[in-house]
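J.: My request is simple: use the sequences and hints to build the entire structure.
With the numbering used here applied, the sequence shown covers 1 to 309.
Don't read these hints as lab results, they were simulated from the structure. Be careful, since some hints might not be right.
What the hints assert, rightly or not - Ranges of calculated distance between the beta carbons of each label pair, as one might list FRET restraints:
hint: 1; residue 1: Gly276; residue 2: Arg16; range: 46 to 54 Å
hint: 2; residue 1: Glu138; residue 2: Arg31; range: 29 to 37 Å
hint: 3; residue 1: Arg278; residue 2: Gly3; range: 37 to 45 Å
hint: 4; residue 1: Arg207; residue 2: Gly276; range: 15 to 23 Å
hint: 5; residue 1: Gly276; residue 2: Gly162; range: 36 to 44 Å
hint: 6; residue 1: Glu20; residue 2: Glu64; range: 26 to 34 Å
hint: 7; residue 1: Ser196; residue 2: Gly17; range: 32 to 40 Å
hint: 8; residue 1: Ser196; residue 2: Arg83; range: 17 to 25 Å
hint: 9; residue 1: Glu167; residue 2: Ala248; range: 12 to 20 Å
hint: 10; residue 1: Pro34; residue 2: Arg83; range: 27 to 35 Å
A quick note: this is a predicted structure, and the numbers were derived from the prediction, not measured. C-beta: ideal position from N, C-alpha, C; glycine also.
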Amino acid sequence: MNGWRRGLTEAGVRERGLRESYTRQATRLARYAPAQYAALRLLLPPATAVHVVAAVSFMHTCDELLDQDGRASVETRAARFARHEARVRAALASPGAPTGDLAPLWHTVRAHPRLAAHVDAFFRAAPADLYFTGFAGEPDFLAYVDEYVLPGLLLIGAVLAGPGESEERLRENVRLLAVPIQRIDFLTDLAEDLRSGRVCLPRSDLRAAGVGPGELRQGRATARVRTLLARTAAKCWADLAAARPAVAGVPALYAPMVAAQLDVYAHLLQQAQAHGARLLRGGVRPRIPAAAAILLRHRGAAAVAGSGA
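T.: Next comes the structure, spelled out in structure tokens:
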């Protein structure tokens with residue numbers, strides 16, 4: 001953790017309790033999102049990684065409170081999210097730093113002031129997932145990306161944005177990334193969503209392939225289902241290709257991180273295609289050796305960018 005401790009110092013995190021709070025969040029992130037954590041530690045400047053940990057941890061905490069796993073009613077989850085929102089807003093509005101789990105977010109917002117507006121936007125957007133019922137067609141999917149997915153990714157984008165980057169340009173670049181990321185997530189998490197009663201592929205895509213929702217819920221590996229999955233994968237590949245130009249709009253220090261994430265998602269999509277109709281029974285995750293190779297390949301570019309900073 002020597003690099004982590006150096007990052008804390010470079011990020012202006014010097015008070016012992018605050019350092020411990022950031023470190024606890026980093027440890028949790030490493031546990032539930034190891035590939036994401038490895039990417040930010042390997043490919044971002046140490047001080048930037050510290051602030052990204054705070055932003056990602058905030059987002060994951062909110063996601064856990066809203067999680068549609070059936071353990072609590074929508075009303076219960078909405079109420080607990082509202083309590084969390086009130087607590088966070090009060091902490092961020094305070095002139096003095098809070099202690100405990102909200103301290104990293106407070107400090108990171110002070111270090112990256114534009115993040116405050118994105119925290120507010122995320123709070124306004126996030127509860128929509130509680131009432132999600134699926135997509136009639138592609139326009140509904142894209143609206144979901146704009147209204148729900150994009151505010152979450154912009155929490156990270158606000159930390160990585162260049163000092164002169166406009167909000168409009170930041171949003172355009174992050175949206176290019178958000179579309180393939182979300183579509184691939186829906187494909188690879190298909191079984192989990194079906195178990196929770198959600199069909200996250202557009203209903204127009206199901207109709208075009210002649211597939212009914214019941215066919216998916218029953219896990220039937222019919223030719224029609226395989227066609228639906230193949231067409232969805234083709235959309236994902238097109239989205240990934242469209243997202244590649246976004247890397248050019250990212251500050252050089254952070255471009256390797258963004259490029260690596262796209263490559264990891266491309267690998268994940270390959271895994272999904274190899275899994276085929278078995279996606280109805282269980283999801284896929286990046287293979288650790290392949291993900292590690294991707295990160296190490298981009299590590300060289302990150303080192304070059306860092307040496308020129």
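J.: A separate judgement is required for each hint: does it hold in the structure or not?
T.: Going down the list of hints, with the structure as the test:
Checked against the given bound of 46 to 54 Å, the beta carbons of Gly276 and Arg16, roughly 52 Å apart, stay inside it. Separation of Glu138 from Arg31 is about 36 Å and conforms to the stated range, judged on CB atoms against 29 to 37 Å. The hinted window of 37 to 45 Å between Arg278 and Gly3 holds, with their beta carbons roughly 39 Å apart. Restraint check, Arg207 to Gly276: a C-beta distance of roughly 21 Å satisfies the suggested window 15 to 23 Å.
Checking the proposed 36 to 44 Å range against Gly276 and Gly162 shows it holds: the Cβ atoms sit about 42 Å from each other. A C-beta distance of roughly 21 Å is found between Glu20 and Glu64, which places it outside the suggested range of 26 to 34 Å. Hint check: Ser196 to Gly17, Cβ distance near 38 Å, so the stated range 32 to 40 Å holds. Judged by the Cβ atoms, the range 17 to 25 Å given for Ser196 and Arg83 holds: they are separated by roughly 23 Å.
For Glu167 and Ala248, the hinted distance range of 12 to 20 Å is satisfied, since their beta carbons lie about 18 Å from each other. For the hinted restraint 27 to 35 Å between Pro34 and Arg83, the CB-CB distance of approximately 30 Å keeps it satisfied.
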